[in-house]
Amino acid sequence: MEPVRVQKAAFDPGQELNAFSATVPGAGAVVSFSGITRDLAEGALDVMEIEHYPGMTEKALSAIHDEAMTRFSLTGAMILHRYGRLAAGDPIMMVATAARHRAAAFAAAEFLMDYLKSRAPFWKKEVTPEGARWVAARAEDEEALTRW
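Here our numbering is used: position 33 in the sequence shown is 1098, and no number is missing along the way.
One should not assume that every hint holds.
[Claimed, not checked] Ranges between beta-carbon positions, derived for each pair:
| # | residue 1 | residue 2 | range |
| --- | --- | --- | --- |
| 1 | 1167 | 1192 | 16 to 24 angstroms |
| 2 | 1091 | 1196 | 17 to 25 angstroms |
| 3 | 1111 | 1132 | 14 to 22 angstroms |
| 4 | 1105 | 1132 | 19 to 27 angstroms |
| 5 | 1083 | 1196 | 35 to 43 angstroms |
| 6 | 1171 | 1198 | 30 to 38 angstroms |
| 7 | 1201 | 1080 | 30 to 38 angstroms |
| 8 | 1201 | 1138 | 29 to 37 angstroms |
| 9 | 1205 | 1132 | 40 to 48 angstroms |
| 10 | 1193 | 1072 | 20 to 28 angstroms |
| 11 | 1136 | 1194 | 40 to 48 angstroms |
| 12 | 1132 | 1083 | 22 to 30 angstroms |
[Stated by the list, open to error] Calculated pairs, SDA-like style, for lysine to any residue (alpha carbon to alpha carbon, straight line, at most 20 angstroms):
| # | residue 1 | residue 2 |
| --- | --- | --- |
| 13 | 1182 | 1102 |
| 14 | 1189 | 1079 |
| 15 | 1190 | 1200 |
It is worth saying that the hints were derived from the structure and are not from the lab.
The beta-carbon is built from N, C-alpha and C at its ideal position, and this holds for glycine as well.
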């Protein structure tokens, strides 16, 4: 299993978690987080379009993966993020971490999520019946990153 994947294809978070867990047999804890494409108020989202810069995105995610592995003494970690057109309810991304103890696995998963929300090179556009708009960065996501 590749530790960092950026793909257009849909994925099943349960299958991904099972596959990841099989690669870390000595772990005492495995933590995962799956992000789901949110619908806007009352079903207004037609699709979420996600763009990225191929090559640069994978390099950036690999660097943060490697930092998490070292910083939290992980036995394994994975990052999976989709791009393209996603409907409300579609899985958009997933992180999983494995460590000897739960505290490190939880902290590493939060670290990866905080990075993905504020620094990963993805651009999101919400398409609704009224038109399209680029999703702006949120102050709370930037604030969350400062704890690391």
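Discussion item. Is 22 to 30 angstroms respected by the C-beta to C-beta distance linking residue 1132 and residue 1083?
Written reply: holds (26 angstroms)
Worksheet entry | Status of the given 30 to 38 angstroms range, CB of residue 1198 versus CB of residue 1171 | holds (34 angstroms)
Worksheet item: Hey, residue 1190 versus residue 1200, does the alpha-carbon distance stay inside 20 angstroms?
Response: Holds - the C-alpha atoms of residue 1200 and residue 1190 are around 6 angstroms apart, at most 20 angstroms.
Discussion item. Hinted pair, alpha-carbon criterion (20 angstroms max): residue 1189, residue 1079. Please report holds or violated.
Written reply: violated (25 angstroms)
Discussion item. Does the beta carbon distance between residue 1091 and residue 1196 stay inside 17 to 25 angstroms, or does it fall outside?
Written reply: violated (51 angstroms)
Worksheet entry | residue 1132 and residue 1111 - C-beta distance against the hinted 14 to 22 angstroms | violated (36 angstroms)
Discussion item. Please check whether residue 1193 and residue 1072 have a Cβ separation lying inside 20 to 28 angstroms.
Written reply: Holds - the Cβ-Cβ distance for residue 1193 and residue 1072, about 25 angstroms, lies within 20 to 28 angstroms.
Worksheet entry | Whether the CB-CB distance between residue 1201 and residue 1138 falls inside 29 to 37 angstroms | holds (35 angstroms)
Worksheet entry | residue 1136 paired with residue 1194, Cβ distance criterion 40 to 48 angstroms | With a Cβ separation near 44 angstroms, residue 1136 and residue 1194 satisfy 40 to 48 angstroms, so the hint holds.
Item to complete: Please test the hint of 30 to 38 angstroms on the beta carbon pair from residue 1201 and residue 1080.
Response: Once the Cβ atoms are compared, 33 angstroms apart, the range 30 to 38 angstroms for residue 1080 and residue 1201 holds.
Worksheet item: residue 1083 and residue 1196, beta-carbon distance inside 35 to 43 angstroms?
Response: holds (40 angstroms)
Worksheet entry | residue 1105 paired with residue 1132, Cβ distance criterion 19 to 27 angstroms | At roughly 34 angstroms between Cβ atoms, residue 1132 and residue 1105 fall outside 19 to 27 angstroms, so the hint is violated.
The structure fails hints 1, 2, 3, 4, 9 and 14 (numbered hints given earlier, in ascending order).
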